[in-house]
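Keeping their order, the protein sequence lines are chains A and B.
Position 79 (the first sequence) corresponds to 309 in the numbering used here; numbering is contiguous.
Position 47 (the second sequence) corresponds to 277 in the numbering used here; numbering is contiguous.
It should be emphasised that the hints constitute simulated quantities derived from the structure, not laboratory data.
By construction, the Cβ of each residue, glycine as well, lies at the ideal position given by its N, Cα and C atoms.
Treat each hint with caution, since some may be false.
Derived list of chain B stretches under chain A, where covered just means 3 residues or more per stretch with a C-beta under 8 Å from a C-beta of chain A [stated by the list, open to error]:
id, region
1, 240–247
2, 250–261
3, 279–290
4, 311–317
Label-pair distances were calculated between CB atoms; the ranges are [stated by the list, open to error]:
id, chain 1, residue 1, chain 2, residue 2, range
5, A, R300, B, A279, 41 to 47 Å
6, A, E291, B, K306, 46 to 52 Å
7, A, S237, B, G294, 43 to 49 Å
8, A, D350, B, E291, 32 to 38 Å
9, B, E291, A, T302, 49 to 55 Å
10, A, E314, B, R340, 24 to 30 Å
DSS-like mimics (lysine-lysine), calculated; alpha carbons at most 27 Å apart, straight line [claimed, not checked]:
id, chain 1, residue 1, chain 2, residue 2
11, A, K251, B, K306
12, B, K332, A, K234
13, A, K332, B, K315
14, A, K356, A, K265
15, B, K332, A, K361
16, B, K251, A, K332
17, A, K251, A, K361
18, A, K332, A, K356
19, B, K298, B, K251
20, B, K298, B, K315
Here's the letter readout for the chains.
2 protein chains.
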Amino acid sequence: MTKKIRSNCPVSYALELIGDKWSLLILRDIILREKRFYHEFSASAEGIATNILSNRLAMLESNGFINKQRDTEDRKRYIYSPTEKGLDLLPVIISMMQWSDKYNNETDIRPPFMDMMRNDPIEFEKSIRAKFSG
Amino acid sequence: MTKKIRSNCPVSYALELIGDKWSLLILRDIILREKRFYHEFSASAEGIATNILSNRLAMLESNGFINKQRDTEDRKRYIYSPTEKGLDLLPVIISMMQWSDKYNNETDIRPPFMDMMRNDPIEFEKSIRAKFSG
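Just chain A, same shape as in the assembly (with noise of 0.2 Å):
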């Protein structure tokens, strides 16, 4: 995928790739809920539309934040995993989520991440990481 680059700022640069309302939930999912096929994504509460969710998944394929593989178990299906760089866009997660937080007094975070989200962050991080690592 090649494209004309809008600028190299930075936020533009991130924006560019997942400035949208989807691509990010998707990862939120790989990520933090450890879903890993079509159907557990297409399941998600804020009910994403096939075509979308089609879409975001091959572009966050080509941009290399996921891994896409053939089920051994289900030659019909396909695993989703994340790849170190998606993996590096918790950071970004994990602020949206402080930020919500403290704004949206609907906020539902599960426990235990509510908790760890507060109180150390950082620990919340690598507890993430260390589910996927190896």
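Model the placement of chain B on the given structure of chain A, informed by the hints.
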């Protein structure tokens, strides 16, 4: 602005507000580049279309990310400034900068921002916030 919230996930909440390619760029201009006027945002390298710029400024104001005040020195124009709620998105912006610094060889971060962001992102954030305090 009331609209149906798609879920109470904190990642989803933040993305519903600033999950697009432009809102955080305008906040970057206001917060990191200390731009204050419409024509200054319009002049940024990414070439934002005027209709999108107007739309996003109105959204950012109505959702409490920025303030808009008439310029007392030139009553025909407005001065835009960040609110605390807007400044609290700095960790999101900085974590995007760090991610791009790692994954985009062409990333151009102006000195002294580059060194500060790499060596001490917490101090970097503090120094930016200090410009808007009091």
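Subject >> Violated constraints from the hint list, given by number and in increasing order >> reply: Hint check: 3, 4, 7 and 11 fail, others pass.
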